[in-house]
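A.B. asks: With the hints as your guide, set chain H onto chain A.
There are 2 protein chains.
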Amino acid sequence: MAVDPDADERGSTETEIMEATYRALCKHGYSGLSISRIADEFEKSKSSLYYHYDSKDDLLVAFLTFAVDRFEASVATERSDDPMADLEGVIERLLPLRPTDEQRQIQALLVDLRSQAVTDERFRERFADIDERLVTTLTEVIERGIERGTFNEVDATRVAEHVLAVLNGAMVARATTDREAAVAAARVSLSSYLDTVLRR
Amino acid sequence: MAVDPDADERGSTETEIMEATYRALCKHGYSGLSISRIADEFEKSKSSLYYHYDSKDDLLVAFLTFAVDRFEASVATERSDDPMADLEGVIERLLPLRPTDEQRQIQALLVDLRSQAVTDERFRERFADIDERLVTTLTEVIERGIERGTFNEVDATRVAEHVLAVLNGAMVARATTDREAAVAAARVSLSSYLDTVLRR
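Note that the protein sequences, when read in sequence, are chains A and H.
Read in the UniProt record's numbering, the first sequence has 26 at position 26, and its numbers run on one by one without any break.
Read in the UniProt record's numbering, the second sequence has 88 at position 88, and its numbers run on one by one without any break.
The following block holds chain A by itself, in its conformation from the complex (with noise of 0.2 Å):
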């Protein structure tokens, strides 16, 4: 087998400079990022970071691709014998109904990153594949529950575009509004649909 001595340094330059882009969100928001407040976060030479990306903008469009990444690979390993609950968990991992500081200012961020994409073919072209991946994650549980029996033979890729507006609809009234209980309502209200819908 052909090693790339080089490889795993480049990839783990490549995450590197993502969670310095992820701390630098953190910090300055979408509006007061900056590609030097991005390599002010990063601890190796400045230079890489300046050498691969050109802008805010490119290392963001990098930035979301990368978050997607983790996000499937984390749920990949989550499967368990139940597919409700393994349902309910990618569900509670999306749109957590107790979220902590940290989660409450992704989520911000996420609904101010996607607001660019109303204008930006690029943020446009994230979203849509962010949008379509989540689809294909939560089709495959809710296709599992069917295989296995557990849960009725529906539409899964409908129910599953049901399950991301709902959490999409809730993530940007929870960073556009003070109306905490809404978002409570809505999981709520989604629980109950699923258990209905699915639930032989």
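Please keep in mind that the hints were generated in silico from the structure rather than gathered at the bench.
These figures come from a predicted structure and were not determined experimentally.
Among these hints, one or two may not hold up.
Unchecked claim - One side only, chain A facing chain H, incomplete, derived with CB under 8 Å: (1) M18; (2) C26; (3) A117; (4) R124; (5) G169; (6) A175; (7) A186; (8) S191; (9) Y193.
What the hints assert, rightly or not - Listed next, the in silico SDA-like pairs over lysine to any residue satisfying Cα-Cα at most 20 Å (straight line): (10) A:K56 / A:D112; (11) H:K56 / A:S31; (12) H:K27 / H:E43; (13) A:K27 / A:F66; (14) A:K27 / H:Q116; (15) A:K27 / H:T119; (16) H:K56 / H:D120; (17) H:K27 / H:D120; (18) H:K27 / H:G11; (19) A:K27 / A:A62; (20) A:K56 / A:L110; (21) A:K56 / A:D86; (22) A:K56 / A:R124; (23) H:K27 / A:I35; (24) A:K44 / A:E19; (25) A:K44 / A:T13; (26) H:K27 / H:L110; (27) A:K27 / H:K46; (28) A:K46 / A:I35; (29) H:K27 / A:D120; (30) H:K27 / A:A62; (31) H:K27 / H:Q105; (32) A:K56 / A:S31; (33) A:K56 / H:E43.
For glycine and all other residues, C-beta sits at the position ideal for the given N, C-alpha and C.
C.D. replies: Quick look at chain H alone, frame taken from chain A:
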């Protein structure tokens, strides 16, 4: 009854300012909007516009209230003998299945404006009020169905919050991705959810 002879005149000037704001928003979007561009769309004396509003954000905050007032007034006149048809009517108005270009533009504008609420307290209050009022409208339609014996005795507010989350999530998807089939899937799934949960 005491009548303020200037009330109509004041009311119509304000309506015209709001309509000028709407036209300016459609032409320039949120980021391209300025108070002078709104003034360009205003046919009366520009000084009255500058007299009432200090900044474009002042005007937009007033505009959001104006828009939701209009929406509520139009929904209130649409009560039929069929609560499910009324509910579907409100949903179709908030998230048209086949939007015109203008409806699509309004939705993109709302998503763009709402993102200001992540960091701006005044926009945050406005969007909390808008969501609250939409939930009230939806709740009233559901409660009417319960009173008439057409709907099951559900927690009407909880169902209304679920509906609003789907609508807001799908509206964001439409404005920030090209996943048009996702919006259709969410709408179809929402209708079947309401049928399952509400219809006796």
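A.B. asks: Decide, hint by hint, whether the structure agrees.
C.D. replies: Now the hints, each set against the structure:
1. M18: violated (22 Å)
2. C26: This interface hint is violated because 14 Å lies over the 8 Å limit.
3. A117: holds (4 Å)
4. R124: holds (6 Å)
5. G169: Hint on G169 of chain A: holds, closest Cβ of chain H at ~3 Å, below 8 Å.
6. A175: Because about 5 Å separates A175 of chain A from the closest Cβ in chain H, which is inside the 8 Å limit, the hint holds.
7. A186: With Cβ-Cβ at 4 Å, under 8 Å, it holds.
8. S191: Violated. Min distance 10 Å.
9. Y193: holds (6 Å)
10. A:K56 / A:D112: holds (15 Å)
11. H:K56 / A:S31: Distance of about 19 Å is within 20 Å: holds.
12. H:K27 / H:E43: Since the Cα atoms of K27 of chain H and E43 of chain H sit roughly 16 Å apart, the hinted pair holds (cutoff 20 Å).
13. A:K27 / A:F66: holds (19 Å)
14. A:K27 / H:Q116: It holds: about 18 Å lies between the C-alpha atoms, which stays within 20 Å.
15. A:K27 / H:T119: The given pair, whose Cα atoms are some 14 Å apart, holds under the 20 Å limit.
16. H:K56 / H:D120: holds (14 Å)
17. H:K27 / H:D120: Distance ~24 Å between K27 of chain H and D120 of chain H Cα, so the pair is violated.
18. H:K27 / H:G11: At roughly 25 Å apart (the allowed maximum being 20 Å), G11 of chain H and K27 of chain H break the hint.
19. A:K27 / A:A62: With Cα atoms ~19 Å apart, K27 of chain A and A62 of chain A stay inside 20 Å; holds.
20. A:K56 / A:L110: holds (15 Å)
21. A:K56 / A:D86: violated (36 Å)
22. A:K56 / A:R124: OK: K56 of chain A and R124 of chain A at ~16 Å, within 20 Å.
23. H:K27 / A:I35: Violated, because 32 Å separates the two Cα atoms, which is more than 20 Å.
24. A:K44 / A:E19: holds (12 Å)
25. A:K44 / A:T13: Cα-Cα ~8 Å, so holds.
26. H:K27 / H:L110: holds (14 Å)
27. A:K27 / H:K46: violated (42 Å)
28. A:K46 / A:I35: holds (10 Å)
29. H:K27 / A:D120: With Cα atoms ~17 Å apart, K27 of chain H and D120 of chain A stay inside 20 Å; holds.
30. H:K27 / A:A62: violated (32 Å)
31. H:K27 / H:Q105: Given that 20 Å is the threshold and the Cα spacing comes to 10 Å, the pair holds.
32. A:K56 / A:S31: Holds - the C-alpha atoms of S31 of chain A and K56 of chain A are around 10 Å apart, at most 20 Å.
33. A:K56 / H:E43: violated (42 Å)
In this structure, the earlier hints numbered 1, 2, 8, 17, 18, 21, 23, 27, 30, 33 are contradicted, and the remaining ones agree with it.
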